[in-house]
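Participant: Following the hints, complete the assembly by docking chain B onto the known chain A.
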Amino acid sequence: MATGWREEEFVESGLHHYDAYTYPTYPNLDYEVNEMGRPEPEYRPVHSVPAPVQNFLLYFQKVIKEQDVLKIQSAYIDGFSEFTERFYQSTPWPDVRDLSNIVDNEIFDILYKELYFRHIYAKVTPGPTLEQRIESYYNYCDLFNLMLGADEPVSLELPNQWLWDIIDEFIYQFQSFSQYRCKAKSKTADETEKLLQNQKVWNVHSVLNVLHSLVDKSNINQQLEVMSKPEICADLDVVAGEFGRHTLYKMLGYFSLIGLLRLHSLLGDYYQALKVLENIDFNSKPQGTFIKVPSCQITTFYYMAFAYMMMRRYQDAIRTLSNILLYIQRTKQIFQNRQMLYDNITKQSEQMSTLLAVCLTLHPMRIDESVHSQLKEKYGEKMLKMQNGDQSEYESCFAFACPKFLSPVIPVNYEDMNLNYHKEPYQQQLSVFIDEIRQQQMLPTIRSYLKLYTTLPLSKLANFMKIEDHELKMQLMCFKHKMKNLVWVKGTNSLEGEFQTASEIDFYIHEGMIHIADTKVDRRYGNFFIRQIHKFDEVIVFITKLFSD
Amino acid sequence: MADTAEGMRVQVSKLLKGIERYNPENLQTLEKYVNIQAEENTYDLEANLAVLKLYQFNPSNFSLPICCTILLKALTNLPHSDFTLCKCLIHHDNMADKSIEKILYLSQLLETCEFKQVWPELEDVQDLISSITGFEDSIRKFVCHAVNITFQTIPKRELSELLGSLSDADLAKWIKKYNWSEQADGYISIGSQDDVIKTKNITEKITFESVATIMGLNQR
Numbered sequence: 001m002a003t004g005w006r007e008e009e010f011v012e013s014g015l016h017h018y019d020a021y022t023y024p025t026y027p028n029l030d031y032e033v034n035e036m037g038r039p040e041p042e043y044r045p046v047h048s049v050p051a052p053v054q055n056f057l058l059y060f061q062k063v064i065k066e067q068d069v070l071k072i073q074s075a076y077i078d079g080f081s082e083f084t085e086r087f088y089q090s091t092p093w094p095d096v097r098d099l100s101n102i103v104d105n106e107i108f109d110i111l112y113k114e115l116y117f118r119h120i121y122a123k124v125t126p127g128p129t130l131e132q133r134i135e136s137y138y139n140y141c142d143l144f145n146l147m148l149g150a151d152e153p154v155s156l157e158l159p160n161q162w163l164w165d166i167i168d169e170f171i172y173q174f175q176s177f178s179q180y181r182c183k184a185k186s187k188t189a190d191e192t193e194k195l196l197q198n199q200k201v202w203n204v205h206s207v208l209n210v211l212h213s214l215v216d217k218s219n220i221n222q223q224l225e226v227m228s229k230p231e232i233c234a235d236l237d238v239v240a241g242e243f244g245r246h247t248l249y250k251m252l253g254y255f256s257l258i259g260l261l262r263l264h265s266l267l268g269d270y271y272q273a274l275k276v277l278e279n280i281d282f283n284s285k286p287q288g289t290f291i292k293v294p295s296c297q298i299t300t301f302y303y304m305a306f307a308y309m310m311m312r313r314y315q316d317a318i319r320t321l322s323n324i325l326l327y328i329q330r331t332k333q334i335f336q337n338r339q340m341l342y343d344n345i346t347k348q349s350e351q352m353s354t355l356l357a358v359c360l361t362l363h364p365m366r367i368d369e370s371v372h373s374q375l376k377e378k379y380g381e382k383m384l385k386m387q388n389g390d391q392s393e394y395e396s397c398f399a400f401a402c403p404k405f406l407s408p409v410i411p412v413n414y415e416d417m418n419l420n421y422h423k424e425p426y427q428q429q430l431s432v433f434i435d436e437i438r439q440q441q442m443l444p445t446i447r448s449y450l451k452l453y454t455t456l457p458l459s460k461l462a463n464f465m466k467i468e469d470h471e472l473k474m475q476l477m478c479f480k481h482k483m484k485n486l487v488w489v490k491g492t493n494s495l496e497g498e499f500q501t502a503s504e505i506d507f508y509i510h511e512g513m514i515h516i517a518d519t520k521v522d523r524r525y526g527n528f529f530i531r532q533i534h535k536f537d538e539v540i541v542f543i544t545k546l547f548s549d
Numbered sequence: 001m002a003d004t005a006e007g008m009r010v011q012v013s014k015l016l017k018g019i020e021r022y023n024p025e026n027l028q029t030l031e032k033y034v035n036i037q038a039e040e041n042t043y044d045l046e047a048n049l050a051v052l053k054l055y056q057f058n059p060s061n062f063s064l065p066i067c068c069t070i071l072l073k074a075l076t077n078l079p080h081s082d083f084t085l086c087k088c089l090i091h092h093d094n095m096a097d098k099s100i101e102k103i104l105y106l107s108q109l110l111e112t113c114e115f116k117q118v119w120p121e122l123e124d125v126q127d128l129i130s131s132i133t134g135f136e137d138s139i140r141k142f143v144c145h146a147v148n149i150t151f152q153t154i155p156k157r158e159l160s161e162l163l164g165s166l167s168d169a170d171l172a173k174w175i176k177k178y179n180w181s182e183q184a185d186g187y188i189s190i191g192s193q194d195d196v197i198k199t200k201n202i203t204e205k206i207t208f209e210s211v212a213t214i215m216g217l218n219q220r
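Protein chains in written order, with the UniProt record's numbering: chain A, 1 to 549; chain B, 1 to 220.
No false leads were mixed into what you were given.
Heads up, simulated DSBU-like pairs for lysine-lysine below, C-alpha to C-alpha not over 35 Å straight-line:
{"no.": "1", "chain 1": "A", "residue 1": "Lys466", "chain 2": "B", "residue 2": "Lys98"}
{"no.": "2", "chain 1": "B", "residue 1": "Lys116", "chain 2": "A", "residue 2": "Lys466"}
{"no.": "3", "chain 1": "A", "residue 1": "Lys332", "chain 2": "A", "residue 2": "Lys404"}
{"no.": "4", "chain 1": "B", "residue 1": "Lys14", "chain 2": "A", "residue 2": "Lys490"}
{"no.": "5", "chain 1": "B", "residue 1": "Lys176", "chain 2": "A", "residue 2": "Lys460"}
{"no.": "6", "chain 1": "A", "residue 1": "Lys385", "chain 2": "A", "residue 2": "Lys484"}
Listed next, the stretches of chain B that the computed footprint assigns to chain A, with coverage defined by at least 3 CB atoms under 8 Å from CB atoms of chain A:
{"no.": "7", "stretch": "105 to 119"}
{"no.": "8", "stretch": "147 to 155"}
Which bits of chain B does chain A cover? Going by a derived footprint, with three or more residues having C-beta under 8 Å, they are:
{"no.": "9", "stretch": "40 to 49"}
{"no.": "10", "stretch": "52 to 65"}
{"no.": "11", "stretch": "69 to 82"}
{"no.": "12", "stretch": "187 to 194"}
Hints listed in this document are in silico derivations from the structure and should not be mistaken for laboratory results. Please read all numbers here as calculations on a predicted model, not as lab measurements. Note that the Cβ used here is the ideal one computed from N, Cα and C, for glycine as well.
In isolation and in its complexed conformation, chain A is listed as follows (with noise of 0.2 Å):
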């Protein structure tokens, strides 16, 4: 039995076919027993629903019955914001069982439900109850059985950043789980009951499953395959498939990638994290129509570039921060009027200028001048301590900048689990960052002295650190071993790559002597120039628009 999402156990599965999602059948579960199946959500009174929010829903409820995609955007993202705004600032939106009056088909239901919770999880304080979390995550079982199990393409189509960010919160609500899972304190004996009860909700391999299924019901690794690789001469839509050929398969399967990315870095597993995007081109064309959507842009670099500089590839972990920061310079201002995307990219951009802080104090290399500039400025200061060997200033820049990790593992017994349960898949991936950091304690030392001389007999340098002869072989080929890194060439593999050293100091030693090679480096211009005639295109395309119209 090959893979995933298996349609046989959805029809057999009748009543419980949410379940399906569940868990891939592996007999060997100590949970099987537990068939409770969802639980009813409590009851509650009506509510009476604003006008003028009803008329909004009523609204947003036919653009997508009617498809049209451009202003399902506008309501999704102008309008569903200015309502919160003006309405539910820090309450929930309307239980959905007040609106039945409005709401009046299944993919609606969802899809309000969807935003719904994740507006309770992003604004409403204290954040969702057990429940909440709970009836979420069914909600993501309907939506996904809803796409996968049918037997034929759903027709509904949403804008990208939709389906990106339907991806990205489920993702966020499991890790909001785990986390909240593992946290001893604060859990009433209700809690802890309803939590064994309910071992399925948000499962690690539930979610494995779920991106897993989109991924190959979309077939989008073929179909990337096809695009990135124009020696292949496949019809594009005989290798989607009937279900890979809808917009909306299609890019959720995408998202998925870029979700596991996220996933398998959260739980430490960097090899697999890019793994995954081995077909993703980045620098294709053809591919290019995927990255139109930001926020999955600059998640996709982030996780990238965690997980390079984890494998101790600094030079590729370096290339994919300043890519995405430079990215992120040039198109800010865009996102000036949506606040809540504005302060999620500023967060993020800070977490990987700290990522590239540590990286460059780490392999000194040159960087574009501008993502430089600006890195200098914000963290010079940082980057000065660490360069002197300050342990605790790498740990907070760890912490500042890694993702949120998790563990798979779900207690089963939380009387006497330990107050710092929850920090532990954090301090495992800190304490091989640290190791990493210990063993390259010297180096700093040994490069601002390499880069005073062209040729320095050894033992002078092993006086000037005031350790033996023998001691600074082992060094400086510890130095050497360290600055070699595997580094991507070409192809779209992430993972491949052949070992260069691209660090600003390079020597060799020769009988007693060591031989010092620097870079110099010349002013660039082309790049800038590159830059500023499109920029300049921009503009004459936009104002020949202005004119034809």
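Facilitator: Just chain B now, with coordinates in the frame of chain A:
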């Protein structure tokens, strides 16, 4: 055929695809594959990481000997950072085990190129590495890699020490393997680094692709 590394590679690669990678039922096959890699001196990082992944998801299935083998095999693939990738997946409770602690220390010595201390340390973990075919030679390969990128010439005695005090005959084999040559003055010539490592002047390069897009603009 099925029980050789070559035979298993194909079978195993099917178990690593998609959601199947997380199926604990495959663990037995994958663990067997780890042992075969150790025996036949082959290596498959992806399969080994899948084993560690299954341990991460199902802690009760954890097997200490297999985990040690995976870590030691990762060391044989230095200078690649496979060892780090493995460490990221192993729960720290298991890291505290004595055997694993020894392997961690060994990795640290290797990563910091303290090769002279590596050899006495290997004596100490002989029981762990005896099942890994060709372990010492893999370590020597990494030592040679480090020497190769660092030195233009190195005293013969020093090289021999780094490689674990080899006999002259064995040392000659390694020297030949890396195309090094013995000089009259007791030095081994590693190769001319001054060709490769010299002060670089980075001049600007503009790729054809980036110019092509501009040319494209004018065409419109």
